[in-house]
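K.L.:
So you can see what is in the structure, the chains are spelled out below.
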Amino acid sequence: MLKAASTLGVIFFPAFDWAISRTHPEREERLLYTQDQFREEGLFDIDGISEHRPLFATDTDILRAHFCFPSVDAICTESHRVSAGGAIQAARLVMENETRRAFALVRPPGHHAMKVVHGNRGFCNINIEAVMIEWIREHYGRKRIAIVDTDCHHGDGTQDIYWHDPDVLFISLHQDGRTLYPGSGFPNENGGPRALGRTVNIPLPPRTSDAGYLHAIEQVVLPILADFQPDLVINSAGQDNHYSDPITNMQFSAQGYARLNELLKPDIAVLEGGYSIKGALPYVNLGICLAMAGCDYSAVREPDYNQAALAENAETMDYIRALSEEILEGYFNPEPGDFEKKGDWFIRERKIYYDTDGILEQQRERLKDCDQCRGLRLINTSSSRILPCLGVELPIDCCPACEREGYEAFHNTHDDYLVAQLLDQKNKRFEYRPQK
Amino acid sequence: MRIGIDIGGTHTDAVLIDGTRLVAAAKAPTLPDNLLASITGVLEAILAGQDPRRVRTLNLSTTLSTNAIVTGAIEPVGVLVVGGPGISPETYRIGDHYHLLPGSLDHLGNETLALDSEELDRAVDACLAAGVRSFAVAGKFSPRNPAHENTISERLKDRAEFVSTGHLVSGQLNFGRRIHTAYYNSAVWRTFRAFSAALGRSLKGFDLEAEVNILKADGGTMPLARALDTPVQSIFSGPAASVMGILATVPADTDALMLDIGGTTTDIALFADGQPLLEREGISIEERPTLVRAVHVESIGIGGDSQITVDNGTVRTGPQRLGPCLAAGGSTVALMDACNLLGLAEFGDTDRSRAGIDTLAAAHGLDSRELAQAAVDAAVAAIADRIEAMVARVNAKPVYTIHEILHDRLIAPQQVLVIGGPAAVFRDPLARRLGLPAVVPPLAGVANAVGAALTRTTSHLTLTADTSRNRVSVPMLGVYRTVKRGYTLDTAIDEARTLLAEDLERSGAAVPADQIQITQADAFNMVEGGYTLGANIRVVAQVQPAVIARLDADTSTARLAGPV
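Protein sequence lines correspond, in order, to chains A and B. Its first residue numbered 0, the first sequence is counted upward by one per residue in numbering that gives the first Met the number 0. Its first residue numbered 0, the second sequence is counted upward by one per residue in numbering that gives the first Met the number 0.
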């Protein structure tokens, strides 16, 4: 019988009773054929690969990662709590050394959910990786964490959440934003003023195949990880780069996905998108599991796989080679962004559209340019649905002055905001201001 | 009246039961080379003075197939496997005649590579030339589409004596287990057939015209005629029989634990609402997982003969056993000797127990009573730890719906039922350690035979429908047909019930319709390009193991015949 070279815990949670709507890509059927494939292949009979049920994310688990307005319950249903709980279970297995690696094969996904949440964007309500990472840091202390987002869509939510956090390296490989939702993820998006270079974007041209994608992994991602020296590597594992995916334009294969994970060696992988539910997911998921467990995956192949038709075009390859060099250089010598500043505060003003729920959010973020700590962050946000709300974030190394100022803002602005939420990483306080 | 016979590794037990009354019980040594003689011996004892024609049912639990495999007394099997992409079918290589044939299906049952007919002929010829007459056929995803397996079985029809076809052995998905299950089925077939023929002759001699059923590992029975097709299902039926025996002798309709304490090991089983928990997919044979449904039993190396050792002042019990305890004439200080010294038991030669413990205690500068107490405590603690881990594991089993995450009921045992030789000795210490009432059921000595006598026929089937392609399949019954577009989940449930009932009736074991349980009923909306194409329907129907009667509370006063 087969034996895993490194033990793998799989949290397989298909949410067979949840859908965004009857025919939405995020529907009950999504992981049905993956389950059939796993069962027929006897994945969980492999010595060292085990199956686990998700935990259930509490309000506090979610408030550590997000500002949810007007409340947590308004933003997330039980399905989101179970999905985030699946990611937490994956982290728990690895952090407690119950398994060497873990794969949270859960839905719904999360990587388009930003720091502030008013509703569903790109099929995501809460960012399950971020909820997991904050759970890890709460229970196991400050860690250096690298997230490699391999979903075909730019992980704009995760990028936003860790934009100012120098402890978290966020690398996203995705189909070029000029050709796909959400339209962002360009190399010049490289982190906030206090975390410059900690965000790395690798936009790949449409029709990129295994060779080009793996070139970017080997020539950009691995050297950056070697430099950053993370305590944990997390793969935000979307499966929509696949050549059969109905809503993207890439040419990646199950073999490519398996090799990617063999190279990346993530401690934890978390499922994101991927909607070719019959033609890709059964094979991609099998390939990822086998690769993460250090088992032979060489015979995992889609029935319609055609190596010649999916060979990398020479022009695309040249483009990716040049791009890779440029991005690696940009990581080591990051170009400062065009940060707007008023007095002691860095200012960001944005409009964010929630495509699934049709909400338009208006946001003004102020980050204190503090020389004692990373700086207090205040976010004013309102939307087409609700009146202005306030988010107050105190960083883990918050200095006494920023702490005082943050608490003043939290307590003394009753008349200005519908809801105020405190996210105090230093004193571990995550709460809403009591209503007057 | 009903007869239950349990042919165990050392003893063969039999009981005769009339309604809810135990009429007679008997015990004889098992003669591994002549099981029939063991059966004849106990039958003579329990039928003495009875009218054998009143016996309607004879249920038999036998170690025949298990022993054949353990001792290697099995015949060579030609294993013909159609794999395709994915985990290599080499992983499951078994026996000396394992042939991989080109061909493949995908998870929907679509053929993605045709079966290579020439390779098939070559493999069959090679097997026949090597004298192989029994075959096992298994293809990846065959429950979704049996075409490749059927082609192979057809090719073997006039050339093989026996063929196990994967999708008929189990409708569950698991390629490796399907290969192993079909292999073992074909490997024990001849042994089982010979036994069955001899059994028939023997029963005629007793003037018995009862219907004969064979115990399965899931605690239920199958008619003898079915057992000839699927003898592998009779494997490991002994522990299942004792689990059913408990259900037949004590009221247990809550969550409960069963402990069967033997000489070498203690077997632990769990009941949820009085139902024995089954293995998720199937039991392992020679460490190879199969699709044979079985009662989930965990073993721990603690028994009456578990050796007591002292290591740096720490007293340990088990897991090793070096022959019987001192009290039974052995040469190692064992758990039963400690029980004798503490006055918990009076088993065998108690003077030898005392002397042995005294010597061991003196060698390590310990007090004899303290050492004996520490040994018993260690044994009880080991069993309790294992129980806690087992309950935690069962409660942590994966689930696939949000409803189950939020509303799944956790198992919490309310009582412990202890059987086996030293059961009475450990009842109180276990009850204290576990904080649960512990009961030693009456007739614990013949619980297996009682369970065999009173259990009923079990069966199950899996129905899968894909209405986008107008297909419905019930692999184990070989049903693959087309359906109309309007086929719904409700239609599927009705069909599953009807098919299972009809199949049981055909096998001669009719079961009332209300005894058929639906354990899975899901319909997934199948969408392509934003449009609903149909439904993917999954239904599992089963008749779960249950005893048909509970013995009267005063059964222990029944007349016991023969060498009990």
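Mixed in with the good hints there might be a few duds.
Stated by the list, open to error - Pairs of lysine-lysine, BS3-like flavour, derived with a Cα cap of 25 Å:
1) A/277 with B/156
2) A/142 with A/350
3) A/340 with A/142
4) A/142 with A/427
5) B/396 with A/2
6) A/340 with A/350
Hints listed in this document are in silico derivations from the structure and should not be mistaken for laboratory results.
K.L.:
The structure should be examined with respect to each hint, and the outcome stated for every one.
P.N.:
How the hints compare with the structure:
1. A/277 with B/156: violated, 36 Å
2. A/142 with A/350: violated, 32 Å
3. A/340 with A/142: Roughly 30 Å between the alpha carbons, so the hint for residue 340 of chain A and residue 142 of chain A is violated.
4. A/142 with A/427: holds, 16 Å
5. B/396 with A/2: Status holds; Cα separation ~21 Å.
6. A/340 with A/350: Distance of about 19 Å is within 25 Å: holds.
When each numbered hint is compared with the structure, violations occur for hints 1, 2 and 3.
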